[in-house]
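Engineer: Each chain, written out:
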Amino acid sequence: MNISELYKSIILDHGTSPRNRSRLQTFNHETAGFNPLCGDKVHIFFNLIDNLIDQISFEGEGCAICIASSSIMTEVLKNKSKKEVIAISKYFINVIINKNEAFPIILNQDNKTKLNSFTSIGEFPMRIKCATLPWIAIESELENKNKKIIIDKLN
Amino acid sequence: MMIKNIKEEFPIFKNKINGKELVYLDSANSSQKPQSVIDAVSFFYSNEFANVGRGIYTLAVNASEQYEKTRSNLKNFIGASSDFEIIFTKNATESLNLVASCFGEKFIEKNDEIILTETEHHANYVPWHFLRKRKGAIIKFLPIDEDGNLKVDELEELISNKTKIISITHMSNVTGAITPLEKIIEIAKKNNIPVCVDGTQGAAHLDTDIKKLDCDFYAFSGHKMYGPTGVGLLAIKYKWLEAFGPFMGGGGMIDYVTKKDIAYARGVWKMEAGTMPTAEVVALNESINFINKVGKKNIIEHEKKLTQMALEKLRSNNSVRIIAKPKNQGGVFSFNIDNIHSHDVSTILDQEGIAVRGGHHCCQVLHEVLKINSSVRVSFGVYNNESDIDALCDGIKKCQKIFKK
Chain A
1 MNISELYKSI ILDHGTSPRN RSRLQTFNHE TAGFNPLCGD KVHIFFNLID
51 NLIDQISFEG EGCAICIASS SIMTEVLKNK SKKEVIAISK YFINVIINKN
101 EAFPIILNQD NKTKLNSFTS IGEFPMRIKC ATLPWIAIES ELENKNKKII
151 IDKLN
Chain B
156 MMIKNIKEEF PIFKNKINGK ELVYLDSANS SQKPQSVIDA VSFFYSNEFA
206 NVGRGIYTLA VNASEQYEKT RSNLKNFIGA SSDFEIIFTK NATESLNLVA
256 SCFGEKFIEK NDEIILTETE HHANYVPWHF LRKRKGAIIK FLPIDEDGNL
306 KVDELEELIS NKTKIISITH MSNVTGAITP LEKIIEIAKK NNIPVCVDGT
356 QGAAHLDTDI KKLDCDFYAF SGHKMYGPTG VGLLAIKYKW LEAFGPFMGG
406 GGMIDYVTKK DIAYARGVWK MEAGTMPTAE VVALNESINF INKVGKKNII
456 EHEKKLTQMA LEKLRSNNSV RIIAKPKNQG GVFSFNIDNI HSHDVSTILD
506 QEGIAVRGGH HCCQVLHEVL KINSSVRVSF GVYNNESDID ALCDGIKKCQ
556 KIFKK
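If you read the sequences in order, they're chains A and B.
Count the first sequence with my numbering and you get residues 1 to 155, in order.
Count the second sequence with my numbering and you get residues 156 to 560, in order.
Next up, chain B with everything else stripped away, as it sits in the complex (with noise of 0.2 Å):
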């Protein structure tokens, strides 16, 4: 599959917005879904469907059957060796609540530190701000420097023999800055820190390989890398399945119950209570379908290539604000025009089809840090082209010209 053609694959673009063609410049947000992945979806419904682990019918055991048959392609899809299991969840949201619940409950106690960065969007920040809440544990942040780069070098001098975990983005969903991973979980590893990967910009975008990472956890979701809403995923080293206790309660996470006694499922299955979003997983494997048919290595530097080539044009421009420099980026970065609000930008932007988010992007923390109220965040993805590129240009200077008058 070829991306030169690959905006044909997804039927959004068919759509006019505002009487102009769709510049879709908000895939940190969510991604479009190609026609594969909607038909899979539409498929399984009109001749597959029933629900999984419960039934000993046909319909119930080939649906079984496909929904483990993503899980297993997942696996083949982020590098994970044997050592790590995959947990459905409802989004990357839930997974990261899922690590800091069960984590937090069985091996937090008071005073002891949780390590986050300024990076961090509220998903990866706030679960942990109920742990420092429901245990007094302390969260210190490792900061960032003025061009947004995380200063791994004060990694060693935040940890202590109180720190418990590590928690950490694998790309800023705000700079694009991509975590030096390598060298954090290195330090991590030294202390005997397990450590925790956002991976929500990173499954799709970047080069995903968590065997060789080692990490403990990599939270991800499925709606980002061209696949449905309504599926989270969290690869899980086996030995910390093992130790958790269950997230939630209810069918599907039991062995046995009684009256007095319940006994949980192993493995996976201790995870995912009640009935899962099951046609979403399924069509999520027309989604890793998809990404490897396109090829990762291609949609990694395609992307990067728009980013250099947007920042390059817009930098051209007096009045346009980058808001950081990282020295290694994905394909998301922000920016402000000099008196114009990111709303305001939106706005205008919008009625010339161009879909870009303005606000704080679920990252407060990082925009008191870099003192801005607020930002027009661009974003790509394997759809998007140089058109989108200049018709963002064209769209920025006429916001500058209404707010000339």
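One chain only, chain A, in its complex shape (with noise of 0.2 Å):
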């Protein structure tokens, strides 16, 4: 595996220059995603207005991977439903680690080659996580998952 193969231009464009990368002024959710293994943290904020996501944005620090993971996730996702969410989200999981099996979507063709540049990650398996943490963040949020940190804090 040729090593642009993982770092595609997009992704690299998405992972240097991320879009949405900010706190919303309003938001009705917010959730987080952490990396033990390397420190990738990110944060992501969105307004969901009539079960539609109305604005979408994220902070955080990490690779270019999971930078660039989660510039895309905001754009795939905006004024996409939760149904919608949840099912480009098992898309994007699908497209990292099974390449080929075919999944009803409805995505324009932009989009589907943005969350398709991730492909090749499926080679480097330590890398998956760095691709994958916002968009399970998203999942668990929306789900209302318990994957909670646990936090020994001092009283």
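To be clear, the hints were calculated from the coordinates, so they are not data collected in a lab.
Hints may be right or wrong, so weigh each one.
Here's a subset of chain B near chain A, in silico, CB distances under 7 Å, partners left out [said to hold, decoys possible]: (1) D499; (2) G514; (3) S529; (4) I557.
Cβ-to-Cβ under 10 Å is the rule here; a few derived chain B residues that face chain A [said to hold, decoys possible]: (5) H496; (6) S497; (7) H522; (8) N528; (9) K553.
Note that the coordinates shown come from a computational prediction; the quantities given were computed from them, not determined experimentally.
Positions of the beta carbon are idealized from the N, C-alpha and C atoms, including for glycine.
Put the two chains together into one complex; each comes in its own frame, and the hints tell you how they fit.
Structural biologist: Right, dumping it as structure tokens:
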């Protein structure tokens, strides 16, 4: 596997000049993902109005893969419903771990290209979590999964 | 044994990684193993295996003898006087947990203070945090300056009549800063405070004479000194071994057991419950032989020389930031390349056959203090040479090229 297959220009573009990297002025949902292995952190903010994501942004520190994935996620998920978010998230994880499976999903070509640019990550298993970090975070928020980090706080 | 040809002793370097020669720069994480150590594991299992400390048949007696031979050779290796014993554990982490747990159980009360440093590996922080939670103890951190040197001058101010123990690393596994242990232990002794040293990075890479140091505990691991995984070591002053209750319960650590009472074994046996990593302990003897044959002094010099050479070359690259500049440095340093995350660097270098670690290296507090999210770590072992540094420099240029697109 050539390393440029991993660092495709679209990933490098979003990884080094991420879109929507800020804290939303108004939001009614927020969620965070943390990778203890490398210290990558993403914090996602979104405003859900009438079951549609009206605004979405993220803040975070991490590698180019993680930042690109977060940036692309915020672009792709804008104006999507809860149900669509879960479906797109499943599509994305499928792209990474099982490239061949067909997946019926409504995405325009531009968004599809963005998500498909992560196909080579499966060849670098240690980096899969970098790409899935923001997606797992938003999925757990929308599905109310109890995946919160347990912090052993001092009294 | 000459360092020049030492790579030949390590079979792993015969393999290609991603089609390239392996450039292994992660010895601070774990070292590679010479053939003699690998053979010793295989020989023991093939010809001499039995569990130790139990059976009275020939195989068991021989196995026990070999196991104890490693213990006594380890004492010589780290310069332990007869005041010290060596306990076998699973790893240095378990050794440190043993100290924190057993010391804490007996000697730590609410509001008692434990002094650590900002450079500690999680293995020398989290076990003490457990005490903070369980006993209401207070942890104080000896700070570092901007170059990564411990501010030893501030130690006396941190010490109070509540200070019960100081636990401190021999060398930072991130910056390579060597702790001025003599000075710290002198201050501690003056205040009658015991000192636990996390010697994980020290044992194979620094001058280690614990008799001269006069610390109370010295924790280290076999797998970082060219030995097998699964063996941790704790040198412990006999008076503490006597004072401590057992760390874990089970077979081998008892004298007698009735429905009502249990009497614990004496000496190190009290701390070695259950079947121990017998073959690994026996093979560890070969790794001591290996280090002695090459000469610890030669290894220290070799790694120091490589570090200075690498730092000089990396500093000539304007985009590379070495994260610390310690006064006294062992064979470890960490860096970042401007605008490229350590994990991206690590993946790109890996494609060139170069093994480095990216991330926080189990030192999140240190990274927070240095105000960086993560770093790329380079650490040397006896098998590294100048061409490894050239490969690293070329790899860094490749990272920059990819991210310039």
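Engineer: State for each hint whether it applies.
Structural biologist: We went through each hint and held it up to the structure:
1. Given the 7 Å rule on beta carbons, the hint for D499 (chain B) holds: about 5 Å separates it from the nearest Cβ of chain A.
2. Among the interface hints, the one on G514 (chain B) holds; its C-beta lies about 4 Å from the nearest C-beta in chain A, closer than the 7 Å criterion.
3. Interface restraint check for S529 (chain B): the shortest CB-CB distance to chain A comes to about 5 Å, inside 7 Å, so the restraint holds.
4. Against a cut-off of 7 Å between C-beta atoms, the interface hint on I557 (chain B) holds, since the closest Cβ of chain A lies about 5 Å away.
5. The beta carbon of H496 (chain B) comes within 4 Å of a beta carbon in chain A, closer than 10 Å, and the hint placing it at the interface holds.
6. Hint on S497 (chain B) holds. Least Cβ distance to chain A is approximately 7 Å, under the 10 Å limit.
7. For H522 (chain B), the interface hint holds, since its Cβ comes within 10 Å of a Cβ in chain A; the closest pair sits about 7 Å apart.
8. At a threshold of 10 Å, the smallest CB-CB gap from N528 (chain B) to chain A is about 4 Å, leaving the interface hint in force.
9. The interface hint given for K553 (chain B) holds, since its Cβ lies 8 Å from the closest Cβ of chain A, which is under the 10 Å cut-off.
In summary, this structure violates none of the numbered hints.
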